[in-house]
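Engineer: I would like the entire structure built from these sequences, with the hints used as guidance.
Number of protein chains: 2
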Amino acid sequence: MKKYFEILQKCPLFEGIEEKDLLALLHCLGAKTEKFDKKYTILTEGKPSKYIGIVLNGSAQIVQVDYYGNRSILSVVEPSQLFAEAFACAEVQSLPVSVIANEPCEIMLIDSRRILYSCANNCAFHQQMIFNLMKDLAQKTLLFHQKIEITSKRSTREKLLAYLGFQAKKEGANSFTVSFDRQELADYLEVDRSGLSAEISKLRKEGILDCRKNYFELL
Amino acid sequence: MKKYFEILQKCPLFEGIEEKDLLALLHCLGAKTEKFDKKYTILTEGKPSKYIGIVLNGSAQIVQVDYYGNRSILSVVEPSQLFAEAFACAEVQSLPVSVIANEPCEIMLIDSRRILYSCANNCAFHQQMIFNLMKDLAQKTLLFHQKIEITSKRSTREKLLAYLGFQAKKEGANSFTVSFDRQELADYLEVDRSGLSAEISKLRKEGILDCRKNYFELL
DNA sequence: TTCCTTTTGTTGAAAATTCAACATATATTC
DNA sequence: GAATATATGTTGAATTTTCAACAAAAGGAA
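Those protein sequences? They're chains A and P, same order as listed. Each residue of the first sequence is one higher than the one before, starting from 25 at the first, in our numbering. Each residue of the second sequence is one higher than the one before, starting from 25 at the first, in our numbering.
Hints are computed from structural coordinates only; laboratory data are not their basis. A portion of the hints provided could be inaccurate.
Note that identical chains are pooled: a pair holds if it fits in a single copy or bridges any two copies.
Derived lysine-lysine pairs resembling BS3-like cross-links, with alpha carbons at most 30 angstroms apart [stated by the list, open to error]:
(1) LYS71 with LYS194
(2) LYS71 with LYS193
(3) LYS194 with LYS226
(4) LYS193 with LYS74
(5) LYS34 with LYS74
(6) LYS62 with LYS74
(7) LYS194 with LYS229
Here the structure is a predicted model, which means the values were calculated and not measured.
Structural biologist: So this is what it looks like as structure tokens:
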């Protein structure tokens with residue numbers, strides 16, 4: 025477990041908890057780690073939402089697939105980040121999303137009841153973790169607002185430019201790589217892939233952006 | 025303040041707090057109430073996010089207006105419900121949304137710092153409120169998932185039917201009224217109003233639903 | 001390298017959305 | 001009740017998206 029300390033210390037759930045306490049806390053929480061290959065399902069839509077996940081390395085996508093098989097990508101989670109915490113905290117019966125490994129990754133899973141309710145040892149960190157979860161959920165809400173702001177645009181072009189604008193702001197630079205391939209980007213923006221490719225070509229011809237695979241540059 | 029006790033007791037923020045303690049707590053929090061006429065702005069996009077709001081009566085809309093003036097409605101908040109709590113908890117610099125009175129309403133506003141951080145009296149309810157906020161934010165996240173599930177559909181028809189399906193589930197009945205007029209429903213579904221009206225007509229002719237103003241019935 | 005798979009780009013036709021303009025219906029005000 | 005304002009429904013044209021099919025490029029495996 026120790027090799028993940030650096031990642032775990034940056035995890036919002038453990039903010040304000042000192043390294044010396046972390047190992048005991050993880051034990052108390054019954055934390056376990058699992059490895060997943062690319063494209064493997066970490067948590068399955070429709071199943072009970074028992075676990076809060078933490079990405080230790082690699083990355084994962086939060087996806088929703090509708091009745092007709094259309095995939096919608098809600099977000100990407102990267103090392104140190106939590107996922108499925110909202111469903112665990114809201115104690116929903118069944119997960120409304122699946123979590124899929126975006127690349128080979130290691131994941132820590134914690135039974136959410138061990139976080140939300142005091143353990144037998146009544147360890148002192150529950151209050152801190154509740155506060156941390158509250159902060160994290162508030163942050164996640166902002167990301168949803170952002171996604172809605174992007175996808176509420178009516179055209180592929182506007183959606184793409186809004187998305188790239190947010191990425192540029194986040195990276196603090198006009199050039200960056202995105203963690204989506206074309207199909208995934210389309211599924212995040214909720215548009216057609218071929219239409220997205222065509223729009224990228226058009227924007228390139230107009231000198232508005234440059235793009236090579238998942239590298240983008242706003243001009 | 026006493027006349028709002030019934031509403032406040034149902035407010036997620038005060039769950040688990042007894043009526044006898046509520047008045048003192050509200051005083052401790054420096055809660056104030058304000059009245060707003062229909063269409064008045066309760067909180068303004070771009071301004072600091074100092075306050076958590078509670079709807080006492082009436083209702084309000086959470087809206088976002090983009091560069092071109094296109095309105096997007098994120099959600100509607102009704103009596104007992106919180107709003108702007110995510111921005112307060114995440115301590116963002118400026119609000120990414122406006123909150124608009126949907127009808128004449130009374131609103132309680134609480135400086136979020138009084139909730140998040142212990143007061144001079146160190147009253148015992150902060151922990152409970154933090155827990156309550158965590159639960160509330162988790163619930164709100166589910167609503168965002170729902171909105172994204174609805175608006176990620178590619179056609180006006182599918183968006184409308186997905187929305188009505190969720191409403192029917194929520195109401196536990198196939199007939200219900202929605203708290204949107206046509207333009208607002210269009211702005212929630214992220215579609216064109218006239219196209220929405222046309223789609224409703226079509227669905228009516230096909231015998232799939234009945235609709236009179238904001239009353240809908242799924243057949 | 002070569003073969004094979006996957007990803008990305010391109011195109012045209014079909015379908016759907018948006019937009020503008022107007023008709024009709026419903027509320028509101030005096 | 002009449003007049004006015006607001007909301008909703010209808011239509012056709014322009015634009016855009018989606019869909020399907022294929023071409024081209026990139027990546028991986030042998």
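Engineer: Hint compliance check: list the failing hint numbers for this structure, sorted ascending.
Structural biologist: Checked against the structure, no hint fails, so every one of them is satisfied.
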